[in-house]
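Visitor: We have chain L; now place chain U onto it with these hints.
Chains L and U, in that order, give the protein sequences. Going by my numbering, the letters in the first sequence line up with residues 1 to 418, in that order. Going by my numbering, the letters in the second sequence line up with residues 419 to 836, in that order.
In short, the hints are calculated from the structure, not lab data. No residue lacks a Cβ here, since even glycine has one placed at the ideal position from N, Cα and C. Watch out, some of these pointers could steer you wrong.
Derived DEER-like restraints, expressed as beta-carbon distance ranges [as the list claims (entries may be wrong)]:
hint, chain 1, residue 1, chain 2, residue 2, range
1, U, 825, L, 265, 24 to 34 Å
2, L, 324, U, 437, 27 to 37 Å
3, L, 53, U, 501, 35 to 45 Å
4, U, 585, L, 123, 25 to 35 Å
5, U, 538, L, 215, 30 to 40 Å
So these bits of chain U aren't anywhere near chain L, every CB distance computed over 10 Å [unchecked claim]:
hint, residue
6, 505
7, 528
8, 635
9, 749
There are 2 protein chains.
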Amino acid sequence: MSDRFTATYLIETAHPLQEAAETMAGEQSAGTFVRVPGESDELRERYGARVEQIRPLGEVPGPSLPGSRPPKGEASPRYRQAEVTLSFPSDTIGTSLTGLWTAVSGNLFELSPFSGLKLQALTLPTAFTDAQPGPGFGVVGTRELTGVQGRPLVGTIIKPSVGLSPTETATLVSKLCGAGLDFIKDDELQSDSPHSPFAERVGAVTRVVNEHADKTGEKVMVAFNLTGDVDEMLRRHDLVREHGGTCVMVNVLTVGLASLQTLRKHAELPIHAHRAGWGILARHPLLGMEYPVYGMFCRLAGADHLHVNGLRNKFCEPDASVIASAKACLAPLGNAAPALPVFSSGQWAGHAPDTYAALGSADLLHLAGGGILAHPDGAAAGVRSMQEAWAAALAETPLDDYARTHPALKSALERFGS
Amino acid sequence: MSDRFTATYLIETAHPLQEAAETMAGEQSAGTFVRVPGESDELRERYGARVEQIRPLGEVPGPSLPGSRPPKGEASPRYRQAEVTLSFPSDTIGTSLTGLWTAVSGNLFELSPFSGLKLQALTLPTAFTDAQPGPGFGVVGTRELTGVQGRPLVGTIIKPSVGLSPTETATLVSKLCGAGLDFIKDDELQSDSPHSPFAERVGAVTRVVNEHADKTGEKVMVAFNLTGDVDEMLRRHDLVREHGGTCVMVNVLTVGLASLQTLRKHAELPIHAHRAGWGILARHPLLGMEYPVYGMFCRLAGADHLHVNGLRNKFCEPDASVIASAKACLAPLGNAAPALPVFSSGQWAGHAPDTYAALGSADLLHLAGGGILAHPDGAAAGVRSMQEAWAAALAETPLDDYARTHPALKSALERFGS
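Okay, chain L solo, but in the shape it has when bound (with noise of 0.2 Å):
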């Protein structure tokens, strides 16, 4: 098997399972709906995709997803969910990554015998995953970089998210840095827009970060979206660097896996991955893929921090999804470093504790927008908030104990925790 890769999907049809499975296989070999000349029985053992196990899941009542199409001449179909297990040969996609996304996702989605698919895991030679760059800061570059150890980082988001000019954006960087962030992103609806020209918002931007750097010895991580097409970013990319930032951030399902690889390729700072549109891919329980397979190929192209949501966020996410995102950012992959996860959506300090006991981990980026910015007492006590309630989730000691000798947490129970 070392030299196959193997995907397991979640699968719902009415057709008999071994059937259904011999399709999904059929389909990412030779896929077309007769058999062809030059098509023989060895080409198909050596090169075809193979069904390597069949975990039936009972029965459901109805199809998940409209548009299957049941058995021929069967009046009263039932529809059955099972997990299957594929493998493919390397040899058809080589150690291509890109190759690898359309021999596991491609036609699947849409074929006919299935009224649900989803992608679930990935298994990858180590051959394949030592191909990849993988992430060139992850976890402990952008802890270098930052000078943060032994506690997530804390961080915030540009708010309002698009409207600002670079001249307003400074301004409200600058009083972020004075409030003790350890990073600072641009909103993923904000990359280069005629009200904030990105090389404007860069040159004021890395001005003010710059400057309190030299003051306090601090330079805060501020990730640049650079979204844009190829060139724009690797051009971007370039200018970040120039003007001593460290870090650019990309909304990795906008761009794609192949922009995201080139940019890695090009890049000297850490990839900050936004997943703006994630929804389309996973919400829906029978249809798409599970982020960790989403993190995989996105850490595997060398994304440095990956965006997993948040617990009890505002989104429709369940935190148990959310935790195994994050977890799946820290695990093992080959030589592959790990990403730092990065929660959003909601946040305040009251997230950190149960953030920690579902992670087990202080490997994180944190990040809250209102929960910072809205602080009764102001951004300083915001970010403090935000410390305060790690410092006590490190030390497993509850908030509301930890909060009465710190004011701030204090102030942030009462104004969020409702």
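Guide: Below, chain U without anything else, positioned relative to chain L:
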């Protein structure tokens, strides 16, 4: 409105429709759970997305997607669907196509008030569309390169998808050229692999294609699948051009929008856009985005050929959706040239009349795999059967009548027309 772009969504929610729509608009502007300093009413007014129209569509029995949250304290929530149009000020994204993508998709699909959200349509200011390159060749350029006028191009896919060596592929392509095809493409699964290195395949295949052209004066268009990271794609494009090839193919969902943009900037050959993996984005009626929208992104970015599935395909997509996608390729879109819609999946001669009747145009590429290669009288007869079927369709003659004097079509009807 001319300086704003609009996005129309099908939504489903248990919240009041106006409130839900405002949440969508808010997420795409301020984007935090409490109002933050700096977010003035004036700034909201100037840079915020705006709800333009809400068209209620009625109640549904229950939520289409799990994970949504009904209004607080609502014991028996009622889920309604509606069509919502938002408008966004162009100033937030300038003329950035990746900016547009993030603005109209972004985090929307994960928002907790929604049990369904699908992007259905976009309208864009002329200043925006005119700033995009669009197809470099499109319908007209592809017809010029192939010399095919007044009828659809007929093409096939190299099968089996994987396993053939470059020499075996060239032998097959030579045979297919001899069979009279206008167009041949790599399978989406075959790009660069140990058993078929891209450069070797291009060398071997272009040799036989060029020989055929020297002999007959007809240059068959071969779409070489150059999917890879962006550097690889640009190098592969140059290699194809240097060998006298006339088309490159890319799996657009694998590489992503920014990669397509960058390929287009560089490309001197038509870009054949394959949509492997598309099912994730559109299979569910209440999640993701409709293909005419995705196709608009690809066309503006510069795709010349766009896969649209085929009538009575082997997948789940209904015929009406296929035709809507194909029509969108040909519809006016600022200065962008029409893209060539590519019909494929379980296609054979019998699909010509319905396809022509529904599309109302002969500007398409009709791909058949088994429908040509498994024709009982061989591939040349398979191609003839397709051409004959299209001649019949364009003349509005029933296939059975036409087949009386056209044996290749007759055999196809007997073999595939059960």
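Visitor: Look at each hint and say if it fits the structure.
Guide: These are the hints, each one checked on the structure:
Taken as a hint, the range 24 to 34 Å is violated for the pair residue 825(U) and residue 265(L), whose Cβ atoms sit roughly 55 Å apart. Between residue 324(L) and residue 437(U) the Cβ separation comes to about 32 Å, which falls inside the hinted range of 27 to 37 Å. Checked against the hint of 35 to 45 Å, the C-beta distance between residue 53(L) and residue 501(U) comes to roughly 44 Å, which is consistent with it. Under the hint 25 to 35 Å, the C-beta atoms of residue 585(U) and residue 123(L), about 33 Å apart, fit the expected range.
At roughly 52 Å, the beta-carbon separation of residue 538(U) and residue 215(L) lies outside the given 30 to 40 Å, and the hint is violated. Remark: the non-interface label on residue 505(U) is consistent with the geometry, its nearest Cβ contact in chain L lying 14 Å away (cut-off 10 Å). The claim that residue 528(U) is not at the interface with chain L is violated, since a C-beta of that chain comes within 10 Å of its own (minimum 4 Å). Annotated as non-interface, residue 635(U) keeps its C-beta farther than 10 Å from every C-beta of chain L; the closest such distance is 28 Å.
Against the 10 Å criterion, residue 749(U) stays outside the reach of chain L, whose nearest CB is about 24 Å from its own CB.
Against the hints set out earlier in the document, violations occur for numbers 1, 5, 7.
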